[in-house]
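Q: Residue strings, one per chain:
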Amino acid sequence: MTHQEAYLYFAGVDIGSTMTKVVLMDKAGNLLSFIKGPTGAEHRQLANEVMRQALEQARLQIDDISYIVATGYGRLNVPFADRQITELSCHARGVSSLFPDARTAIDIGGQDAKCMKIQDGRLVSFVMNDKCAAGSGRFLEVTAATLAIKLEDMGDISLKATEKIQISNLCTIFAQQEVVALLSRGEKLENILAGLHDALASRVATLARRLGIERDLVLTGGVAKNIGMVKAMKESLGCEVLVPEEPLLTGALGAAILAKETYMKAVRAGEALPTKSRRLEKATFFSQE
Amino acid sequence: MSDKNKGLDKAREIYLDSSRRAKELKAADKKIIGYPCVYVPVEMLTALDLVPYRTCADMKEPVTEADRALPHSFCPVMRNCLDCALKGKNDFLDGMVAIHSCDPQEKTARIWESYTHYPYFHFIDMPITVRPEALEYFKGQLNDFRKTLEAFTGKKLSADKLEAAIKSHNQQRALVRELYELTKPSPPHVSGTEIVQVVKALTSLPVAEGNNLLTDTIGEVKRRAAGPEKKSARLLIWSSTLNDTNIMQVLEAKANVVMNESCGGVRAYRGEVKLTADRLEGLADYYLNEITCARTFRQATLGETRKDYARDLQSRFGYLKGAIKDWKINGVVMLLVRYCDPFAFEMPSLKDYLNSIGVPSTYIEYDYTTGALAPMRTRVEAFIETISQ
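Taken in sequence, the protein lines are chains F and S. To get my numbering, take the position in the first sequence, counting from 1, and add 431. To get my numbering, take the position in the second sequence, counting from 1, and add 17.
What the hints contain is simulated information worked out from the structure, not anything from laboratory work. There's no promise every hint is true.
With the Cβ distance kept under 10 Å, some of the chain S side facing chain F (calculated, not the full set) [said to hold, decoys possible]:
no., residue
1, Lys-124
2, Lys-271
3, Thr-309
4, Glu-382
5, Tyr-383
6, Asp-384
7, Pro-392
8, Ala-399
Just so you know, even glycine gets a beta-carbon here, dropped at the ideal spot from N, CA and C.
So here's chain S without its partners, still in its complex pose (with noise of 0.2 Å):
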C-alpha cells in the first residue's frame, strides 16, 4: 500500500500546503528564499544553504490587494503572485529574489521589493536574447547575485559547493525526465495532473528531499497497478505556466496529458547545467540558452530570419518535435494566459510549425480564474473531438 509520507500522497500533500515544510525548515533555523520564476539559479542558494521557495500564483484566490498597486490589463498570474504576497502568504520568506524573465515580472519585483520588507531582496537583469554577447552580461549579473548573497549570508559561494549543488539540481532533472519517461506507454503510467502535483512540490522543497520524492515517486508508479485510464488523445500543452490541477483536470478530462511544456512541467528540467570552469559560465549558458520559454528571443543565425521562415521555426520551436514523436502526441493546445505577451506573439509561428510538421493544435486564452475552467473545457474538448473522431 502506499505510504502517506512518500512518493504521490507526499507530493500531493505539498501541493496543496506548499510552504508548511518551507516553514518548518524555517523554524529549524534555515533560511527560505522566495523565487517567482524558474529562471532564477537555485543553485547558487542550495549551495549556500538557503531554501529556494517557489513563490506560486493561487488561481482561487480573488486578486484585491495587488489591485492597489498594479493594473488590471496586466499578467494575472503576477498580479495574483504579488497578491498573496501583500496579503502577508509569504511573510515568513527571509529574501525573494525576482528576475527580467518578462516585463511583468520585473514590473512585479519593484512593487514586492517596495511594499514587502523581507531581509533580503535581489533583482537579476536577465537579457533576452541567446547571442554570446548576452550570454556574457548575464554571467556578470549572476556574480552580482552571488556578491549579494555571500553579503546575506557571509559565507563564501565556492566552486565546490556550487559544484555539488549543480549536481544535486541535475540529479533532480534528470529524475524529472525519468518521470516523464514514464507518460510515454499508452495508457500514460502517470497522470499530468499527478506530475503538476510532484513538479509544484519540488519547487517546495530543498533539492535533496525533492530528489528523495521523485525516487520515492518513480519506484511507485512504476510498481502500482492502476495508473490513468487511456483517453481519446494524448495533448502536450504547452503555456506559460501550468501548475494548478484544477486547470490539468479539465484538460485531462477527456484526454492523457503526456507533456506538460510549462515551468509547471518539463521545461525546467529538460536540459542540464554544465559543469564548467568557471561554475556561473555554466549556469549563465543553461539557464539562458537551455529553458524554453517565449520570453527568450532566438533567432535562427543573423540575418536568416527572413530568407528562411521554416528553418527559424525549426531553431525556436525544433525541441517539441522529439517530444511530440517519441511521446505519439497526436494534439498540441497552446494554453494563453490573458496579457501573456512573449506567449501570445509566439503562438502564430508555434501554429506554422506544428502545421509543417502535421499536428493538428488549437489555442485556448483564459484569465486565470476558476471562472475560466467551464469555457476551457468546451474549448479543449472540442479540439479533442476533431482530432478523435
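The following block holds chain F by itself, in its conformation from the complex (with noise of 0.2 Å):
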C-alpha cells in the first residue's frame, strides 16, 4: 500500500424522504462519522449542510473524499455526488458488512418498505410495497400525530399491552379514523398501539413472503427504533430479526462501502474514474443527474 492510498476516504450520502444521512469511512473500512439530519421540506438542499457537519466530525475536507455515492429519493441531486446507487443495493450492501449472514433485510422508512434478498454480499432480488403509506414509518408518525404522542415513545407503550386491538384497516387515513373511533369506545391507547404495530408488520412480512424469507433477517430504517415493531415483526415473521445499532445508517453505510469499492475497482484496473466537482453547493431542484 503506498503513503497515499492508506489515507483514502469514502462517503455515503443517503437522503431519504424523512431523514438524510452521511457516513465517512477510510479504505480499511473504518466510520470516521455518521450524521443523521431531518431531510425536511427543502431537502434535497441541504445534503451539503448534513456533508459538512459530517466532515466537521471527521476533520476533514470535502476535496479529501475520493469519492462519493449518493443513495436514497434525493439521490439525483447531489451536486458533489460521483455516482448515484438506489438504497436498495445500499441498503444490502450496508446490511451484509455489519450482518454477514444476512439473507434478507427488511428496511421500512418514512416512505416506503422495502425487502431486500441477499447473497454474496450484494442484493440480488426485492419488493417494495405500493405508492401508499400503509406499509411505511408515515404509518406511524400520522398515528403518533393523531394520538398527540410522540413517536419515540409509541413503541414502549405498546409493551404495556394486555391484549391487540385488531385493527381492520391498513388504510392510513382509515386507521386513524378507526383509532379514534377505538379511543371514544374506551379501549386503552397502549392496546390499540399494539394494535397499530402488528397491522405494520403483518403487512410488511406479506411483502416480505413474496420474496421468500431467508435468515438471517435484518431490520432497518427508523421503523427498527421502535422497540414495539420489532416485537410486532418478530412475531409476525415467526423468526428471530436482528437490528444493527444505527438502523437509519444502512443505506449510507452500503453507499459509502460502494463507493470505496468502485474507487478501488478501478484503481486496481487501472482506470480514471469520472469524479465531480467537490464543492459543497446547494443543489438546484429538478437538476437530473
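Both chains come to you apart, so use the hints to assemble them.
A: Below is the structure:
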C-alpha cells in the first residue's frame, strides 16, 4: 500500500424522504463519522449541510474524499456525488457488512417498505410496497400525531398492552378514523398501539413472504428504532429479527462501502474514474443527474 | 442535417400535438374516427377513406370529469382517456369505434357513447378466447361493423378497397418491424423513447402518411452518426399501454429499452393480416389470434393446461422467447398499470415462464400519474443494478 492509498476516504450520502444520512469511511473501512439530519421540505438543498457536519466530525475537507455515492430518493440531486446507486443496493450492501450471514433485509423508512434478498453481500432481488403510506413509517408518524403522543414513545407504550386490538383497515387515513373510534369506545391506548404495530408488521411481513424469507433477517430504517415494531415483526415473521445499532444508517453505510469498492476496482484496473466537482453547494431543484 | 418535417423530428412533433394533423384533415373534409385500443381493425376505416385516430390518455392530465361517471378504483388509463374526451379534447372526431378488448373499455364505451355526441359510434363485441367458435363470432361482429360503416359513409366496403387498405397497413407493420431491427445492435440505433414517439404518431396519422414517416425515420436512423448511448442493461418492457415518453425516459435512464412489448410499441405490428378470400376472415384472424395482449385467453390445447404447465406457458408467452434471444435482452420489466386485471393476473405465469428460460424479471405497478415516476425510477434502477453488477 502506498502512503497515498492509506489516506483514502469515501462517503455515502443517503437522502431519504424523512432523514438525510452521511457516512464517511477510510480505506480500511473504519467509520470516521455518521450524521443524521431531517430531510425536511428543502431536502435536496440540505445535503451539503449534512455533509459539512460529517466532514467536520471527521476533521476532513471535502477535497479529501476520493469518491462519493449518493442514494435514496434524493440521490439525483446531490451535486457533489460521483455516482448514484439505489437505496436497495446500498441497504443490502450495508446490512451484509454488519451481518455477514444476513440473507434478508427489511427496511421500513418514512415512505417505503423494502424487502431485499442478499447473496454474497449483494442485492439479488427485492420487493417494495406500492405508492401508499400503509406499509411505511409514515403510518406510525400520522398515528402519533393523531394521538398527540411522541413517535419515539409509541413502541414503549405498546409493550404495556394486555391485549392487541385488531385494526381492520390498513389505509393510513381509515386507520386513523378507526383509532379515534376505538379511543371513544374506551379501549386502552397501549392495546390500540399494539394492534397498530401488529397491523403494520403483518403488512410488511406479507410483502417479505412474496420475496421468500431466508435467515438471518435484519430490520433497518427508522421504524427499527421502535421496540414495539421489532416485537411485532418477530411475531409476524415467526423468526428472529436482528437490528443494527444504528438502523437508519445502513443505506449511507452501504453507499460509502460501494464508493470505496467502485474506487478501488478502478484503481486496480488502472482506470480513470470520473468524479464531480468537490464544491459543497446547494442542489438546484429539478436537476437531473 | 435533419429536416424538421421528416423522420424523428416530425414524429416528436406529432407525438407532442397528436391531433393537429387530424384536425387539418378534418378541415379538408376528411372524416376522423377515434378508437381507444389497437384491437379495432383500422383497415376497415382506411378502406372507406376514413382517418383512424387513436384517442390516448394523457398522464399529466389530472382526472376530474371522468369521476362524474366512473369509480376511482378503475383502470386509470381508460379513466384518463374518457376524461380527455369529456373535457372536449376529442370533439373534432366524426365518430368513435370502441371494442370489448377488456371490461374497462366496454364500460367506458357506454359512458363515452352517452356523454359525447359524435355523428357515428360503434361498439365491437370481441371474444376473449382464440377458439374457432370465437373466430366465427368475431367475424360476424366485423360484418356488423362493416354495415354501420357503410351506412355512415354511404359507400360500399368493397373487397378491392379492403385489400388495398390491408396491404398498406401490412406495409406499416413491416416498416415498424424494420425499425425494431435497428434496436438489435448494442448500443441500439434508436431509443425506446424515440419509438414511442413514432408509434404514437402512426396511430394519429392516415396510414400512407405514417408509412412515409416510417420510411424517412428508418433512413434517418440508419444514416445518423450519434444514436442512443450504451447503457448497462438491455430491457424488454411488457405492459398494457406504454406510449408516454415520461415513463420511457425513466426506464431508459440507466438501460436501453430495446423492445416495448405493449400497444405503444411492437404489439400491434408483429404479425400480418392474411389476404383471405373473405377479407373479414383474415382481419378477424389477425386481431383475435396475432395480437398478444393479456386480454386474450390462450389455451395450449383443450384440457392440456393442467397436465403440462410448461407447455401452457410456452403457448401463452412463447412469442417473447425469440425476441429475448435475438435482441439479447438481459432483463424484463413487467410494468403493470394499477387495476389492470388482465395484466396483473398474467404476471405470475409470465414470471414463471421467464424464470424457465433464465431471464431476470421484475414487476413494477404504477397508477398512471406523474407522481409514480420517482418510485418507478428507484425500482427499475435497483433491478438494473441486480442484473448488471
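Q: Against this structure, judge whether each hint is valid.
A: Hint check results:
1. Lys-124: violated (24 Å)
2. Lys-271: holds (9 Å)
3. Thr-309: Not OK, violated: Thr-309 of chain S not within 10 Å of chain F, min 26 Å.
4. Glu-382: Where the cut-off is 10 Å and the nearest Cβ of chain F is about 6 Å from Glu-382 of chain S, the hint holds.
5. Tyr-383: holds (7 Å)
6. Asp-384: holds (6 Å)
7. Pro-392: holds (6 Å)
8. Ala-399: Constraint on Ala-399 of chain S satisfied, holds at 4 Å.
Violation of the numbered hints given earlier is confined to hints 1 and 3; the remaining hints are satisfied by the structure.
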